[in-house]
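A.B. asks: Protein chains in written order, with this note's numbering: chain A, 1 to 441; chain C, 1001 to 1121.
Keep in mind that the hints were calculated from the coordinates and are not lab data. Where hints are given, some of them may not hold.
One side only, chain A facing chain C, incomplete, derived with CB under 7 angstroms [what the hints assert, rightly or not]:
hint	residue
1	24
2	55
3	243
4	263
5	339
6	388
7	438
8	441
Not close to chain C: a few residues of chain A, all C-beta gaps over 10 angstroms, as computed [as the list claims (entries may be wrong)]:
hint	residue
9	10
10	242
11	405
Cβ-Cβ distance ranges computed for the label pairs, FRET-style [what the hints assert, rightly or not]:
hint	chain 1	residue 1	chain 2	residue 2	range
12	C	1048	A	404	49 to 57 angstroms
13	C	1018	A	80	41 to 49 angstroms
14	A	226	C	1019	42 to 50 angstroms
15	A	151	C	1048	47 to 55 angstroms
16	A	421	C	1105	32 to 40 angstroms
17	C	1027	A	317	16 to 24 angstroms
18	C	1105	A	147	22 to 30 angstroms
19	C	1027	A	425	47 to 55 angstroms
20	A	224	C	1079	26 to 34 angstroms
21	A	377	C	1030	27 to 35 angstroms
22	C	1027	A	203	55 to 63 angstroms
23	C	1027	A	381	50 to 58 angstroms
This one's a predicted model, so the numbers in the text were calculated from it and none came from an experiment. Cβ coordinates follow ideal geometry from the N, Cα and C atoms, glycine included.
In case you want the letters, here they are:
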Amino acid sequence: MSTVGTGIVRRVAALTVNLTYREVEVVATSDSSDAPTLLVSNHFGGVADALLLIYLSPRFPRIVARDVIWSFGVSRAVMTHIEAIPVHKADDVADPDDARAVNDAMFSECYQALDDGSVVLIFPEGVTQDDPFLAPVKTGAARIVLGARAAGTSGIAIQPVGIHYEDKAAFRSRVLVAFGEPIDLDATMAGMTAAAENSTGRQVVDDLNTLIDRGMRAAAPDYEDWGEAGDLQLAATVALRQAAPESAVDDVPLALSERLGAALARRDAEARDRVRQAVQRYRSSLAGLRMSDYQLAGSASTLPIVGRLAVDLVLMVVLLPYALAGALISAIPYVLTQSTRLIPAAPAVRATVMPLVALVVFVLEWVTVAAVVGAGRGWQLGALVALLVPAFVGATVVVSERAVLAWRSLRRLVGSHRAGGPVTAARHDRAEVLSAVRDAL
Amino acid sequence: MPEAAPSLSDAGLFWLLVVPAIVMWLYVVVDIAIRPGVGRLARVVWVAAVTVALPAALLWLLVRPTGDPVRARLAQIDASDPRAQLVDLVQDHDAGRVDDATFERRRDDLLQVSGGTQPRP
Chain A
1 MSTVGTGIVR RVAALTVNLT YREVEVVATS DSSDAPTLLV SNHFGGVADA
51 LLLIYLSPRF PRIVARDVIW SFGVSRAVMT HIEAIPVHKA DDVADPDDAR
101 AVNDAMFSEC YQALDDGSVV LIFPEGVTQD DPFLAPVKTG AARIVLGARA
151 AGTSGIAIQP VGIHYEDKAA FRSRVLVAFG EPIDLDATMA GMTAAAENST
201 GRQVVDDLNT LIDRGMRAAA PDYEDWGEAG DLQLAATVAL RQAAPESAVD
251 DVPLALSERL GAALARRDAE ARDRVRQAVQ RYRSSLAGLR MSDYQLAGSA
301 STLPIVGRLA VDLVLMVVLL PYALAGALIS AIPYVLTQST RLIPAAPAVR
351 ATVMPLVALV VFVLEWVTVA AVVGAGRGWQ LGALVALLVP AFVGATVVVS
401 ERAVLAWRSL RRLVGSHRAG GPVTAARHDR AEVLSAVRDA L
Chain C
1001 MPEAAPSLSD AGLFWLLVVP AIVMWLYVVV DIAIRPGVGR LARVVWVAAV
1051 TVALPAALLW LLVRPTGDPV RARLAQIDAS DPRAQLVDLV QDHDAGRVDD
1101 ATFERRRDDL LQVSGGTQPR P
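Could you build all of it, start to finish, from the sequences and the hints given here?
C.D. replies: Right, here's the structure in full:
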């Protein structure tokens, strides 16, 4: 595929990601390299996972994806254009030998891509996962890199990736992409050589697969169920907020809350249960007060909050006329995008549909507004409007999100001065959460 | 005969289109000037283009070099941030790099708690 072609697709992915998510955090344990790389990622968010990794991958990735995606006109055209590599499941093909034969072609394409120094992206679970833990990691990734190495490609890196969604089906939520410790295939194989000489090829594949599995589990969310994930992440957030009570920002970085949540998830069942029971009591107290932890935690000093409120207020007043224009333009696309939450399907399916709907309806509205103005007032004004519409929509996003944060900050100021009865009880429950986290750690 | 006052639509057009257009032009010119990965001649051509025809700014925004998005998005967490210190401390203790006594003292300092809580009111 041409550089221009990949450039356009990356920009579309960047546009979609920046439109869909309020914040994209990245953590990486090492700098990206020019080595041929196999990205191995968890697959909790369907197409959203691929969009994020197209946007963030060091080079445009060759994506290994299920052949069914080639069954539909538009998706077939896109997958063909980005030179994605189809993989066939034996269940989908009448004759298993046929699946084996066409998958031989898939492996050959992957070997060639790695030999060319490309990045290949694969989701080794093989399915989109709706639980907050990895499905069993299949051996395809290990077989691809081992086959490429056997075909003469050296210096291959296997890069585990963990994608953590705050709420994968929610428009304008947050997401964390964690690039874990890369696996140097040559060094790993050198360490295995002695054992590998006395083992079957299958054993080498299994050993490498175990390493890949371990790397992915270290990078990706790994909780027993959504209940545990929610409880331990709230416990981690409470503890982190306690460590920096002066912070004037309500969002605790996902990079920190996910790491501390993961540390709590590794504790024994008794410690986890104690934390979860404390969190559930605290959550119930907060619900009774209609407050969040951020509001209840309060600040020892009101100065940072008042300072930020003043800045936000000035910004909102300056941007308000443009934000209103943007709101008028983006109202219909916003409602259509939000309505994807009502689709009666698994969250992973909604995570696929939501960014695609957002991209299509916002771009369609943008082009339509510019075309209507251009047809009525001349192409120059139409082009100017085409330039300004994204800026107006951006102003709407800034003003609305700042207004929400300002409202939360105000409630925090008020909350920090509340006392007595249920508020005191809720503060006690918060202290119980901290005590349980302390003991668990 | 007195001059007619500007109509409301003129004033509205000025604030809604001309002011943002000027701001956009300024933003794009500064972006062209400072963005890495663009040659000197290309910068001059782009500044001239967006000055002569502002809609060219749209083209600039679509084709400008984006740099490394991972570097741009890396979570910027100061190592002295007590939240980062808490997470690092837990990780180091789990990995055996910090002994139990040091861990417990630092953990309690960071969480600002000691063992046990009062009865619920």
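A.B. asks: Now tell me if each hint is right for this structure.
C.D. replies: Hint by hint, here is what the structure shows:
1. Checking residue 24 of chain A against chain C: minimum C-beta separation of about 5 angstroms stays under 7 angstroms; hint holds.
2. With 7 angstroms as the threshold, the beta carbon of residue 55 of chain A comes within range of chain C, its nearest partner Cβ sitting at about 6 angstroms, so the hint holds.
3. Evaluation of the residue 243 of chain A hint against chain C yields a held restraint, the C-beta minimum of about 4 angstroms falling below 7 angstroms.
4. The interface hint given for residue 263 of chain A is met, as the beta carbon of that residue sits about 5 angstroms from the closest beta carbon of chain C, less than 7 angstroms.
5. Residue-level restraint check for residue 339 of chain A is violated (minimum Cβ-Cβ distance to chain C is 29 angstroms; threshold 7 angstroms).
6. A cut of 7 angstroms between beta carbons decides the hint on residue 388 of chain A: the least distance to chain C is about 5 angstroms, and the hint holds.
7. A least Cβ separation of about 6 angstroms between residue 438 of chain A and chain C falls short of the 7 angstroms threshold, and the interface hint therefore holds.
8. A distance limit of 7 angstroms between C-beta atoms decides the matter here; for residue 441 of chain A the minimum to chain C is near 6 angstroms, and the interface restraint holds.
9. A cut-off of 10 angstroms between C-beta atoms contradicts the statement that residue 10 of chain A is not in contact with chain C; the least separation is 8 angstroms.
10. Interface exclusion of residue 242 of chain A from chain C breaks down, the closest Cβ pair being 6 angstroms apart, not more than 10 angstroms.
11. Once the 10 angstroms rule is applied to beta carbons, residue 405 of chain A is consistent with being away from chain C; the minimum gap is 19 angstroms.
12. Take residue 1048 of chain C and residue 404 of chain A: their Cβ atoms lie about 42 angstroms apart, and the range 49 to 57 angstroms is violated.
13. With their beta carbons about 45 angstroms apart, residue 1018 of chain C and residue 80 of chain A fall inside the hinted range of 41 to 49 angstroms.
14. For the hinted restraint 42 to 50 angstroms between residue 226 of chain A and residue 1019 of chain C, the CB-CB distance of approximately 48 angstroms keeps it satisfied.
15. For the hinted restraint 47 to 55 angstroms between residue 151 of chain A and residue 1048 of chain C, the CB-CB distance of approximately 51 angstroms keeps it satisfied.
16. Taking 32 to 40 angstroms as the suggested C-beta distance range, the pair residue 421 of chain A and residue 1105 of chain C conforms, at roughly 35 angstroms.
17. At about 20 angstroms, the beta-carbon gap between residue 1027 of chain C and residue 317 of chain A stays in the expected band of 16 to 24 angstroms.
18. At roughly 52 angstroms, the beta-carbon separation of residue 1105 of chain C and residue 147 of chain A lies outside the given 22 to 30 angstroms, and the hint is violated.
19. With their beta carbons about 51 angstroms apart, residue 1027 of chain C and residue 425 of chain A fall inside the hinted range of 47 to 55 angstroms.
20. Between residue 224 of chain A and residue 1079 of chain C the CB atoms are about 32 angstroms apart, so this pair conforms to the stated range of 26 to 34 angstroms.
21. For the pair residue 377 of chain A and residue 1030 of chain C, the beta carbons lie near 29 angstroms from each other, so the given range of 27 to 35 angstroms is met.
22. Taken as a hint, the range 55 to 63 angstroms holds for the pair residue 1027 of chain C and residue 203 of chain A, whose Cβ atoms sit roughly 59 angstroms apart.
23. A hinted range of 50 to 58 angstroms is violated for the C-beta pair residue 1027 of chain C and residue 381 of chain A, which are about 20 angstroms apart.
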